[in-house]
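Letter by letter, the chains look like this.
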Amino acid sequence: MIALLIRDLRLAVRAGGGFGMGLSFYLLIAVLVPLGVGPDPAVLARIAPGILWVGALLSCLLSLDRLFALDFEDGSLDLLATAPIPLEGVVLVKAVAHWIVTGVPLVLAAPLLGVLLNLGAQGYVWLVVSLALGTPALSMIGAFGAALTVGVRRGGLLLGLLVLPMYLPTLIFGAEVVKRAAAGLAVATPLALLSGITAAALALLPFAAAAALRINLR
Amino acid sequence: MTLTVTDLCIARAGVPVLQGLSFGVAPGQALVLRGPNGIGKTTLLRTIAGLQPPLSGYILVDDQAVAYAGHADGIKSTLTVGENLGFWAQVFGTNKVADAVSGFNLAALVSRPAAQLSAGQKRRLGLARLLVSGRAIWALDEPTVSLDSAAVQMFAHAIAAHLAKGGSALIATHVDLGLQAATLDLTPYRAKATAGFGAFDGGLE
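Protein chains in written order, with the working numbering: chain A, 1 to 218; chain B, 1 to 205.
Isolated chain B, as found in the complex (with noise of 0.2 Å):
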């Protein structure tokens, strides 16, 4: 499942923030985005996992192949770590609970309401949502955000192992997970600022 995309632009709250954007992410393969705060890593992941529609450009992947990792985990803090997982196994239609619990070391932690979790292991939970997705091409917010460097390990090797099995990955970090991983630095691709080019139509849209 290769991930396409070809002269893309997109914008964040109608303001075009990047444009002229072409690159591609081959089963396998995974892509680091790096660039300034507010250049547009979370709307191009976003518009990618189809939460938004690009200003202009294509994107060529299938919408049931991306798995979507922000800056909210999506936990229910009510619910245990267990129920939390077995949900999205159900939306998903995988089961593999199991694997996404011993992936992330949270098998002690299962029975345990997620509202009594660490920031940190909130963060595993949420990432372990990925192993239940099943999905081919991941595309994660900066995923390391309070996680410990054991835990920025454990995510690596999770991340590895998907890798190996044909996966890919669209990362957008500033930690170096030490990956065999081509790096997409986004500051050349930053829309111009000037009122010509649908900075108003484009707040209509």
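Here chain A stands alone, though its shape is the one from the complex (with noise of 0.2 Å):
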């Protein structure tokens, strides 16, 4: 299983847009919206934990279709399936390394595009803090999507149809922690909701995905 992670790492990087592509939609998002919204700092100190949030999600939904995808077209989901690892891990392995590839950088960019969004300064922290503990569950659930829609043709719009309704709570605790921060409130409840629905996430979407992946290789 780590030769799987260790592979899909490898091809993140020499495809390139792997590692570029989600984080260079964040920046977009982070950079477009002051401007578009106006310079009023009152304002976007306001709107700034929904944006920071909002944009992480886009961002991990743009690569989200190719995580099984091009594995079933060129016939390595076919070999993976009848190799000795279990379908349940190579699903968890994939949506690790998508995680790696994609959510990490988001973690990491997300205080600088902060300033940008004149984010309160007491939710820098706890900005991190949720994003790294909420873009696994975005990864996982993705993933889950990938595998329900991977015989489709073309099926990134119903990839993202399926995916965004099961995105809405990490979405809405995930901002709801910074929100709280960037105000001075107490943050523990929402982060603790967060933190629940990324470990049921990972604790059982794999089986579900490997049971659609399944299905899909028939």
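Among the hints, erroneous ones may be present.
[To be verified] Computed footprint of chain A on chain B; a stretch qualifies when at least three of its residues, placed anywhere within it, have a C-beta under 8 Å from a C-beta of chain A: (1) 90-103; (2) 159-171; (3) 176-189.
[What the hints assert, rightly or not] Here's a subset of chain A near chain B, in silico, CB distances under 10 Å, partners left out: (4) Ile6; (5) Glu73; (6) Gly75; (7) Leu79; (8) Arg218.
Hint data in this document are derived by calculation from the structure and do not stem from the laboratory.
Positions of the beta carbon are idealized from the N, C-alpha and C atoms, including for glycine.
The task is to assemble the complex, starting from two chains supplied on their own in separate frames and drawing on the hints.
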């Protein structure tokens, strides 16, 4: 399974795009929103938590449709399904690889983009913490969606429609953490709920995604 | 490791294609599958590899013993030949990359990105993966497509060596590989195209 992780990371680096695309999309959102909304610092500070989280979510969504589709098209997925590693493990490893390639750069870039959006000073630490806890759920839920749509040609739209509703709890609680932190309030409740969603997604969805893949491989 | 198939009925996209199929492949034996296009050769091989369930009947085999090679080779074009083989060696927990490289004459290509290979060279890389997997039963779907005559010889040689070591192979091919192998024509087992036999129910399963 470590071999699979290394292979996926290597493919992401070699193919270009993988690392850069989500991150540059995130950057674009964070740069364009202040230009569109206007320079009023109070308004920007109010919308910053929401924008930073919506941006992270959409950036995650961008590269999801390739998660299994590439392996499906070139036959690797058939071979992985007959290999001695469990398909649940394959799904989990591919979600982890997606998180390392997409989620981690977003987490690291978020504080920088917070400056552009005039995020409240107390918000920065919790912005990083909430994204670090929330983005693994985005990758895992996305992997489930990608497994459901793997046989569909140009399934990107369908994938987005399927995955976005499942992303909502993560978005709501994640943005709530940052909002409360920026306003100087306690963050324990939304943070616990956010972590709970991530834990549940990581525990349950590999099995659901593997079942979906088995059906799609028939 | 014997492969035994008893009274098997299989379906493609919910429509039964083969029924009443029974055969066995003992260690050291190969079985060549023949039949017209669409008879269900690929479906049979995918079913035996465990990628889809049969409609009815039994396949007695250790599912960790079958190595499947389909139409697509599962090659990552941005990785080199050596990296592709090394990955599968790690997945299957073997260290037979060197055997596979020499068996399919890939030594000159090891550090070349797979994207630069010709169709025949890709096919050889895909078949070399079988040697890397170290599995006893090979389920091969049209393995000689886009191979030249020298490469077909190389492949026949690899199969013969595999059989000599007690492995077995199930090959859907129209090319004569010069093997001492039994041939199974699938035409008599074509599923009756009657609505009565699960044609509709099969689609819902």
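Hints, verified against the model:
no., hint, in the structure
1, 90-103, "holds (count 4)"
2, 159-171, "violated (count 0)"
3, 176-189, "violated (count 0)"
4, Ile6, "8 Å, holds"
5, Glu73, "8 Å, holds"
6, Gly75, "3 Å, holds"
7, Leu79, "4 Å, holds"
8, Arg218, "4 Å, holds"
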